[in-house]
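**Q** Residues per chain, in single letters:
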Amino acid sequence: MSAASIVRRNWLVYWRAWRSSFFLSVLTPLMFLSAMGLGLGSLVQEEGAFGGAGYLKFFATGIFAASCMQSGVFSATYPVMGKITWQRNYEAMLASPLSVRNIFFGELGWMAVTLAQISIPFFGIMALFDVFDSPTAILAVPIVILLGLSCAAPVFALTATLQTDEAYTWLFRFVVTPLFLLSGTFFPIEELPAWGRVLAQATPLYHGVELVRQFTIFDVGISALWHVAYLVGLLTAGILVGVRNLERRLLP
Amino acid sequence: MSAIEAPLRPAAPGHPPPSFHRAVKIVRRNVLAYKHYWIAFVSGFFEPFFYLVAVGFGVGQFVESVPFGDARLEYASFLAPGLLAASTLNGAVFDGFFGPFFKLNWMKTYDGMITTPVSIPDIAVGEVMWALIRGTIYGVGFLIVMLGLGLIHSWWAVLALPAVMLSSGALSAGAMVLTSVTKQISSLEKVMTLVVFPLFLFSGTFFPISLYPDYLQPVVQATPLYHSATLLRSLTNGELGPGTLWHVAYLTAMFVIASAAAIRQMRKRLIF
Amino acid sequence: MVQSPGSALISARGLSKSFESLIAVDAIDFDVHKGEVFGFLGPNGAGKTSTMRMIGCTSPRTGGALHVMGMDPSTDAAGIKARIGVVPQTDNLDIELTVRENLEVYAMYFDIPRDVARSRIDELIAFVQLDDKMKSKVEPLSGGMKRRLTIARALVNQPDLLLLDEPTTGLDPQARHLVWDRLYRLKQQGVTLVITTHYMDEAEQLCDRLVVMDKAKIVAEGSPRELIARYSTREVLELRVTDEVRERLKETVDGVAERIEWLPDRVLLYTESGETALSQINAAGLHPDTALVRRSTLEDVFLTITGRSLVE
Chain X
1 MSAASIVRRN
11 WLVYWRAWRS
21 SFFLSVLTPL
31 MFLSAMGLGL
41 GSLVQEEGAF
51 GGAGYLKFFA
61 TGIFAASCMQ
71 SGVFSATYPV
81 MGKITWQRNY
91 EAMLASPLSV
101 RNIFFGELGW
111 MAVTLAQISI
121 PFFGIMALFD
131 VFDSPTAILA
141 VPIVILLGLS
151 CAAPVFALTA
161 TLQTDEAYTW
171 LFRFVVTPLF
181 LLSGTFFPIE
191 ELPAWGRVLA
201 QATPLYHGVE
211 LVRQFTIFDV
221 GISALWHVAY
231 LVGLLTAGIL
241 VGVRNLERRL
251 LP
Chain P
1001 MSAIEAPLRP
1011 AAPGHPPPSF
1021 HRAVKIVRRN
1031 VLAYKHYWIA
1041 FVSGFFEPFF
1051 YLVAVGFGVG
1061 QFVESVPFGD
1071 ARLEYASFLA
1081 PGLLAASTLN
1091 GAVFDGFFGP
1101 FFKLNWMKTY
1111 DGMITTPVSI
1121 PDIAVGEVMW
1131 ALIRGTIYGV
1141 GFLIVMLGLG
1151 LIHSWWAVLA
1161 LPAVMLSSGA
1171 LSAGAMVLTS
1181 VTKQISSLEK
1191 VMTLVVFPLF
1201 LFSGTFFPIS
1211 LYPDYLQPVV
1221 QATPLYHSAT
1231 LLRSLTNGEL
1241 GPGTLWHVAY
1251 LTAMFVIASA
1261 AAIRQMRKRL
1271 IF
Chain S
2001 MVQSPGSALI
2011 SARGLSKSFE
2021 SLIAVDAIDF
2031 DVHKGEVFGF
2041 LGPNGAGKTS
2051 TMRMIGCTSP
2061 RTGGALHVMG
2071 MDPSTDAAGI
2081 KARIGVVPQT
2091 DNLDIELTVR
2101 ENLEVYAMYF
2111 DIPRDVARSR
2121 IDELIAFVQL
2131 DDKMKSKVEP
2141 LSGGMKRRLT
2151 IARALVNQPD
2161 LLLLDEPTTG
2171 LDPQARHLVW
2181 DRLYRLKQQG
2191 VTLVITTHYM
2201 DEAEQLCDRL
2211 VVMDKAKIVA
2221 EGSPRELIAR
2231 YSTREVLELR
2241 VTDEVRERLK
2251 ETVDGVAERI
2261 EWLPDRVLLY
2271 TESGETALSQ
2281 INAAGLHPDT
2291 ALVRRSTLED
2301 VFLTITGRSL
2311 VE
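Chains as they are written, first to last, in the numbering used here: chain X, 1 to 252; chain P, 1001 to 1272; chain S, 2001 to 2312.
No lab work stands behind these hints, which were simulated from the structure alone.
Bear in mind the structure is a predicted one, so any value in this text is a computation, not a measurement.
Positions of the beta carbon are idealized from the N, C-alpha and C atoms, including for glycine.
Any given hint could turn out to be false.
[To be verified] Reference excerpt, derived from the structure (chain P facing chain S, CB under 8 Å, subset only):
#	residue
1	1028
2	1029
3	1032
4	1107
5	1113
Bound conformation, chain X alone (with noise of 0.2 Å):
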């Protein structure tokens, strides 16, 4: 019994819907990159402007993290939500012997294989876009995982705690939609004012978005090291909360 156990689980459960659902989760993407990587890209007139890049490529690479960063975010909400509350599927499961740390890896487990399915075809796409200029862009799906997870564990801690869907509002609307349009993804950070590029620095978006670039079409650099460290720290700190807040939320 194990979190490999909780990741078949999840499989049979959503296999049927799995099918519908993947293709519209790489459908999302691809159209935000037809439309602003071709139609706003096509606007875009200044020469070097995105590291010299392009702003197909620029916007691609960004857009690649950013969906994999909803993903990651939405899979944490009400999915899980519903397992605590709604459906009590935990409670069942700890019926057996399963422990809530397996049940939390389990989880992140499943939700690294959704990732999995989202970043691997959209990646294709990219490539056949020619986005890539090294080698290393095969990195990029790992990097796009993890980012996804360590976005995913703190918000799983955050639903852990949660007894409505309210927050999810505040969640969505305030905290996802503008790292969504402010971290990189859209135009460069250096855009910003002062305060605002601090802030973006300080947000797990911004430096999955410039791993990303990094490794596809601009330079691996040393900062590498520095952004994989604020993610993997971020989901380490994301496991810890995240399992005390189920075990408290379901071990009364």
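Take the given structure of chain X and dock chains P and S to it, following the hints.
**A** Below, chains P and S alone, put in the same frame as chain X:
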């Protein structure tokens, strides 16, 4: 005794036509409900605003100017009315689709309402009215933001308010038609991804449709948000032309036809 | 038995409802008189809900005649709806509103003036005993409370006629009794109640008269006592026996009872006196595992008429 051989055709349930007075009750019920959910209501305003900042100014820095009619617009002035139209779409989707969908299929609220003097046409008209109001409120808020950011360039923008209401009404009626034909909760994601999101991205909101290949342009011109965005853009930038009236005609026609279709379809869902 | 249509609050002649693939209600006749509690008793799928929806003007009939308070639903639905209250099978309370607000919006739908509505709502909340839940949202309420709230809501327009579709299905015994109590008080106040149910105890407790429905038709009508007297004996002896004893019972049982039902898990002997029958069986050397003597119920009536039980 057996069933009568020639069954009576199901008669109309003997109701008078929709009345403004009764439709307003739907609006009042929604206002009462939103007193408990005002955050959700208010937060819907912010999304287009964030997009304006991020894309309009963030990316707009790198764009020189965009063609529109005979003029060339600064990118933020091009984008803002597109997002204004998008904000009316938000209102229409939330309260013309999501809200009624849950009331119809989940809470079964309408099943209860039709046991009172409130009839199905009242319900359909009332929900469209409410979604129209919500879209207009968002639109007005966004117009004020545009004014504050210096993105309004013409006195014609005074007509932007009725234009926002028209856009809101047309989109809300369309949303209500969608509601009346949507039965499963799994369809919600499909509607968002295959209808709402493409409309948002590709209707000449972020970039002019002249960028599309020639065969695609008529396709976009058949969709509603294109007309909202272009109409509002003409008004806020003072770039009117003969085509402007076409947008008004399209949206008005959509409002009328979709409302009638919504009433008919809702009747099929609730009376059987 | 069926009185002239003019004197009844609800009158149906040859009332039918059919869909493409099935006949839900097959040419039924019934009358409901003012001030009585009238029941439709039958298993799921008998046609009770379809009939209620036709009376409530939310489903058009496909055949026959129906008059509610002198009006025809196909031409005067608005007039009828203004004077009836409907308690549906599944609650459709507004979960986005509080308990009190649910009643306020219904008062609004019925155009009840604000001040009148306010006092009436206070009375109704007290009547269904939800005073301390007035400001609560609907979701956290128990099943019984939600049902009582639905009843209160159906009374907002002070209806002459209240339609209740399976009013206590899914409620625990205490909640059921509370609902029955409230309904009985309504009857005392002169409200006509029409109830559908598949619970025989509910029908027996509440109804002055009832019709038994099965497979879209009416198979019996009368008061509970009349029906039991007509279709069943006074008492029933219920036995649980081993297979071996059952076989021997089949051979020796003549004359012990008027009728015998051989159910999969029990044997029912219908007789004037259950004790007598039991002693006769014991005297024949047969000893059942359990023996219960009880009075006949409407369940027995249904079993006699259709050969099936009310609850599958």
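**Q** Each hint needs a verdict: does it hold in this structure or not?
**A** We went through each hint and held it up to the structure:
With a cut of 8 Å, the hint placing residue 1028 of chain P at the interface with chain S holds, because the nearest CB-to-CB distance is about 6 Å. A distance limit of 8 Å between C-beta atoms decides the matter here; for residue 1029 of chain P the minimum to chain S is near 5 Å, and the interface restraint holds. Look at residue 1032 of chain P: its Cβ gets to within about 6 Å of chain S, closer than 8 Å, so that hint holds up. Because the beta carbon of residue 1107 of chain P sits about 6 Å from the nearest beta carbon in chain S, less than 8 Å, this interface hint is met.
A cut of 8 Å between beta carbons decides the hint on residue 1113 of chain P: the least distance to chain S is about 7 Å, and the hint holds.
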